[in-house]
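Q: Residues per chain are reported as follows:
2 protein chains.
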Amino acid sequence: MISIHWKPDKNSIVPLRRQIINYFTDKISKGQWPIGSIIPPQRDLARLFNVNRSTIVAALSELKSQGLIEGNGKSGTKIISSSILDLTKSQPDWQTYMREGIQIPNYKTIKTINDIEWDDKIIRLSSGEPSPELFPDGNMKKIVNKVSIDMNNLGYECPHGMYHLREEISKYLKAQNIDAAPSSILIVSGALQAIHLISIGLLQPGSSVFIEKPSYMYSLQILQTLGMRRLGIPMDHEGIMAKEIPKYVKKHRSSILYTIPNFQNPTGNVMSQERRKELIKICKEEKLPIIEDDVYRELWIDNPPPDSLKSLDKSGNVLYIGSMSKALSPGLRIGWIVGPDSVISHLADIKMQMDYGSSSLSQLTVAKWLSTGLYEEQVDFLRKELRIRRDIALNALNKYFSNMATWHIPQGGYYVWVKLKGKINMHKLFEEGCKSGVLLYPGYVYESNSNTNIRISYSYASHEDIEKGLHILSNIVQRLLHD
Amino acid sequence: MISIHWKPDKNSIVPLRRQIINYFTDKISKGQWPIGSIIPPQRDLARLFNVNRSTIVAALSELKSQGLIEGNGKSGTKIISSSILDLTKSQPDWQTYMREGIQIPNYKTIKTINDIEWDDKIIRLSSGEPSPELFPDGNMKKIVNKVSIDMNNLGYECPHGMYHLREEISKYLKAQNIDAAPSSILIVSGALQAIHLISIGLLQPGSSVFIEKPSYMYSLQILQTLGMRRLGIPMDHEGIMAKEIPKYVKKHRSSILYTIPNFQNPTGNVMSQERRKELIKICKEEKLPIIEDDVYRELWIDNPPPDSLKSLDKSGNVLYIGSMSKALSPGLRIGWIVGPDSVISHLADIKMQMDYGSSSLSQLTVAKWLSTGLYEEQVDFLRKELRIRRDIALNALNKYFSNMATWHIPQGGYYVWVKLKGKINMHKLFEEGCKSGVLLYPGYVYESNSNTNIRISYSYASHEDIEKGLHILSNIVQRLLHD
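Protein chains in written order, with the numbering used here: chain A, 1 to 483; chain B, 1 to 483.
Derived by calculation from the structure, the hints in this document are not laboratory data.
It cannot be assumed that every hint is accurate.
[Unchecked claim] Calculated pairs, DSSO-like style, for lysine-lysine (alpha carbon to alpha carbon, straight line, at most 30 Å): (1) Lys7/B to Lys213/B; (2) Lys174/B to Lys141/B; (3) Lys78/A to Lys423/B; (4) Lys10/A to Lys171/B; (5) Lys171/A to Lys141/B; (6) Lys78/B to Lys146/A; (7) Lys141/B to Lys142/A; (8) Lys146/B to Lys247/B; (9) Lys7/B to Lys174/A; (10) Lys174/A to Lys435/B; (11) Lys64/A to Lys281/B; (12) Lys287/B to Lys64/A; (13) Lys78/B to Lys287/A; (14) Lys171/B to Lys121/A; (15) Lys142/B to Lys141/A; (16) Lys146/A to Lys146/B; (17) Lys78/B to Lys435/B.
Please model the complete structure; the sequences and the hints are all you need to start from.
A: Structure, rendered in C-alpha cells:
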C-alpha cells in the first residue's frame, strides 16, 4: 500500500480534484508509485486529503479514464500504467522483486503498528519503549552537551566498538556479578541486531532455536527467513521448563536456546533463582548454548531480579545481550553482546560486514551516561514511575476487565499479559482497537493462533491514556466475546 | 585468533611468568577463550606483553603441562581443555557453530586490516575515510552542541527514519537535480547497510548482480553468503561498458546492476555523461534495476562529476545510495536510499526487522549539518585538502614507482589504482607491507586473482606518511618484482 504525506492546498485557485489528479500523475510518471502499487481506499483518501469523498471519486475516475489506474475503491485501486510515459514497457517489475526477496516481511499487524504509532492521537498500549515523560527533562541534553565538549572527530570504530564504552560496560556488568573484559564485549545497534548477528553468525538453515512459549521471538521473521526453526518450550510460573530441554536437544541437532529471564516479553514472568541454576546445569550437560536477552533487567519495580544466567555461567555457554533502549533511550540504538572472546570476535567481523559498526556519537553518549553515574539516577527514577504506571494499569484492568480476564501482577518491565476468559477474534480486536484509536499487541504475535491473550504495555501512554485506552478496549472485548 | 588487550604489571611482586599463566588460566577457566581457540605466536605474545620470549616459552610450557594448551609456538598453540573445570565436557562446540554459521567471514586480508588499523603507528594507505586532519576543528562540536540544545528525548523513529532529516536530504538532493520526496527516502546506517537491505529485500538465491570489474562489491561477502552471483562487466575509460549489458541480461534472469559512477572504488574512474545516458537507456529497455552507489559524489577535485543516473531516471529504475561517511564522518553511520515509494516502504520494513532504525542522535546531527549550511562549507574545505593529498600521492608515485607501474590521475575521491608493470605475489606484498607498518588494499580484493593492482588511498594518512608509506612500499614491490 502506498503511504501518502501530502494534502491539497485549500487556498489554491487550482480545484481540489485537479490538484489530486496532478499529484497522482506526478507520482506515477516519476515512477515513485510503480506499476502494481495499491492506492488507499477512497474513504482513507478523503480523510487524508481532508476533502469530500465525491472529490476523490471524481479524481480517480479521471485517472481511470487516462488508463493510469484500475479497480474500484473497495477492493483496492491499482496503478497499471502511465499512458504518457508508457511505464509498463520500461519499468522494472518491482512487485516481483519485492515478493521474491529473501527477507520475509513483518507480520501485517506489526507493520500496521510500526506505521500508525506515529499518529499523535493514538493511544499506544503497544509500545515497548519508555514514554518521553519518563525522562527528567534535561539530563540527555546535559550529557550530549558534555559529549560535544569532550569529543574529537568521529571516525569508524574498531570492530568490537569503542574501547572506552566497552570498559564502562565492563564496569557496569561487574556490579551485576558478570565478569566481562572489554575483549568479551561487542557493541551492537540494539538487542534486535544482536539476535540477527548471532543467527547469521552461528546458525545455519535447519538449525533449531528453543524459545519460551509465548515469546518475543515469535514476532520476528529473522529465523524463518534464514530457514531456521523456532521450537516453543512451555513455561510455568518459575520460567521456561528446563527439564523439558534434553528431549528437545535429542530430536534437534545444531541448536541454541533463547530466553528472556527477566520480565519476559510478553508475559512479564521472572525466572526464579532455582530455575536459573537448573537451566545452566542442564544446558551445560547438553552443551547447548544460551542466548540470554536481558534488556529488561533494570526495570524492576518491587525487588531486583535474581542474578543473570551469565553470572552463573562458568563454562562460556551464555551469550548475554544487554541494551540501553529500554531503560534509557531506544533512539541511541546501543546494545551489547557478552560471550567467549573468539565468538565475540567472529560476531564483530560479521557486524563489520553488515554496517561497519554503530554510531560513534551514540557510543560516546552511552559511555558518558555510565561514567557520570547519571544512568543509575535515571534508572532509579524510572522504577518509581513504572510502579505508578503499572498500578494505574492494574487498577484499570480491575475496573474494566475483572469479569472477562485474568492476569499476573508484573514485578517489573513494561507489560501485563492479559488472558481473556473466552476466545475472541483477535484480528478483529486489533482492527477495532486501531479504529477506536488504541494500539495493542494481540497474543498471536507471540504464540501462533492465540485467541485469548493481549499484551498491554504501560510504558508509553500517559497516565490518563492508560486508563482511557483500557476502558475503550474493554468495550470492544465485551462486544466480541458476545459475538 | 584470540585478541589480547592486557599487559603484565612490571611493578608487581608476582613474577611475570606467573602473571601470564594466571591470566591465561583465568581466561580459559571462565570460558572466555573456549576450547579450540588459537593463541598468538610466541613472538607476538612477547611483543604484546613487552617481555622476553623466554618468559613466554616458560609460561606456555607450564600451561601445556597442565593440559590446558597444545601445539608449538610456530604453527599455533591451541586451547584444548581446562584440567580444573574439565571444560571439554561442558562447553558448547563454539568452533563448529562459528564454522557453520550462514554468514561467510570477511576475507582474511580485510579482517587483518580491520584489526590492525587501530594501531597508531601504522601508515594507513588502506582507509576509505577522511583523516581527522580533514576536519576544521570544532565544527562537529558546534553542531553536536546545537543538537544538545534543540533536542528532545530520543525515541524510536518511524520506519523511514526521522522526517526532518528526510526533508533536509530531499532539499539537498534537489540541488543535484534529484527529485525525491521524503516518502521516497529511507535513512540507513551507511551505504553498506543499504546494499545489505537491497540484497535481502529484493533479491533471492540465484539472483545475479552485474557489477563493474573491478569493483568494491567483490570485497563484500554478502552476495555470496546469500547464494547470489556477482558478474563483472568490463569498464573502459568512460565507465562500465553499457552495451555489453543486454547479452548478460539474456543469460541471467532476476538481476540488478550495481555501479559506482563517481570516483569508482577502487579505480577512481568517473563515468562520462554520454555513458550515463546510454546506461539509463539500456537498463530501461532491459527493465534492469540499477543500484547507484554515489557516496563519493561530493569529493571532486577538478570539476564536479556529471549528473547522477538517478537524475536522468524518469521511470523509477534507479535505487540511489548516498552517505555522510565519506565527506563528513563515518562515525555518524548515516546514509540513505532513494527509490520508488513502494520499494522504499518495503526496505523500511526490512530495516525495522534488522535494527529498528538508525541512531536518532546521528540523524539529528546530520540534519543540523545540512540545515545550517556547514556541510557545504566542510565539503568545500575537504576538496581543497584532497587536492593537496592527491598531488602528494601522485608526486610520490612519480618519484618511487614510475619505472614499475602506471596509474590514472584521479579527478576526485580517495584512491589511486596503481597497475604494476609485472606480476607479483600480492599476498606477500600485503604481508610485508604490514610488517613494515604500511597498510594497503591489494587488487585481489576487488578483482579475483589480480596480481598486478594495488589500491592506494590518500585520504587518511598524514602528508608525510603518504610519501613515506609509498617509499616503503616501492622497496618491497621492487624486491618482489625481482623474485
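Q: For each hint, tell me whether it holds in the structure or not.
A: Okay, the hints, checked on the actual structure:
1. As the CA atoms of Lys7/B and Lys213/B are separated by approximately 45 Å, the hinted pair breaks the 30 Å bound.
2. Taken as a hint, the Lys174/B and Lys141/B pair is honoured in the structure, with Cα atoms around 28 Å apart against an allowance of 30 Å.
3. The suggested pairing of Lys78/A with Lys423/B is violated, with an alpha-carbon distance near 58 Å, which exceeds 30 Å.
4. Distance hint between Lys10/A and Lys171/B is fulfilled; the C-alpha atoms sit about 24 Å from each other, no more than 30 Å.
5. Our distance criterion of 30 Å between C-alpha atoms is met by Lys171/A and Lys141/B, whose separation comes to about 28 Å.
6. Our distance criterion of 30 Å between C-alpha atoms is broken by Lys78/B and Lys146/A, whose separation comes to about 45 Å.
7. With a C-alpha separation of about 14 Å, the suggested pairing of Lys141/B with Lys142/A holds against the 30 Å cut-off.
8. Note on Lys146/B and Lys247/B: the hinted pairing is violated, with a Cα-Cα distance of about 54 Å set against a maximum of 30 Å.
9. Of the pairs offered as hints, the one joining Lys7/B and Lys174/A holds, with about 20 Å between alpha carbons and a cut-off of 30 Å not exceeded.
10. Proposed proximity of Lys174/A and Lys435/B is contradicted: the alpha carbons are some 37 Å apart, above 30 Å.
11. At roughly 29 Å between alpha-carbon atoms, Lys64/A and Lys281/B fall within 30 Å of each other, so this suggested pair holds.
12. Between Lys287/B and Lys64/A the CA atoms are separated by roughly 25 Å; this keeps the pair inside 30 Å, and the hint holds.
13. For the proposed pair Lys78/B and Lys287/A, the alpha carbon gap of about 20 Å is at most 30 Å, so the pair holds.
14. Proximity of Lys171/B to Lys121/A is assessed by CA-CA distance (about 29 Å); at most 30 Å being required, the pair is judged to hold.
15. For the given pair, Lys142/B sits about 14 Å from Lys141/A by alpha-carbon distance, which is consistent with the 30 Å threshold.
16. The hinted pair formed by Lys146/A and Lys146/B meets the criterion: a straight-line CA distance of about 12 Å does not exceed 30 Å.
17. The straight-line distance between the Cα atoms of Lys78/B and Lys435/B is roughly 24 Å, inside the 30 Å bound, and the hint therefore holds.
Checked against the numbered hints given earlier, this structure breaks hints 1, 3, 6, 8 and 10; the rest are met.
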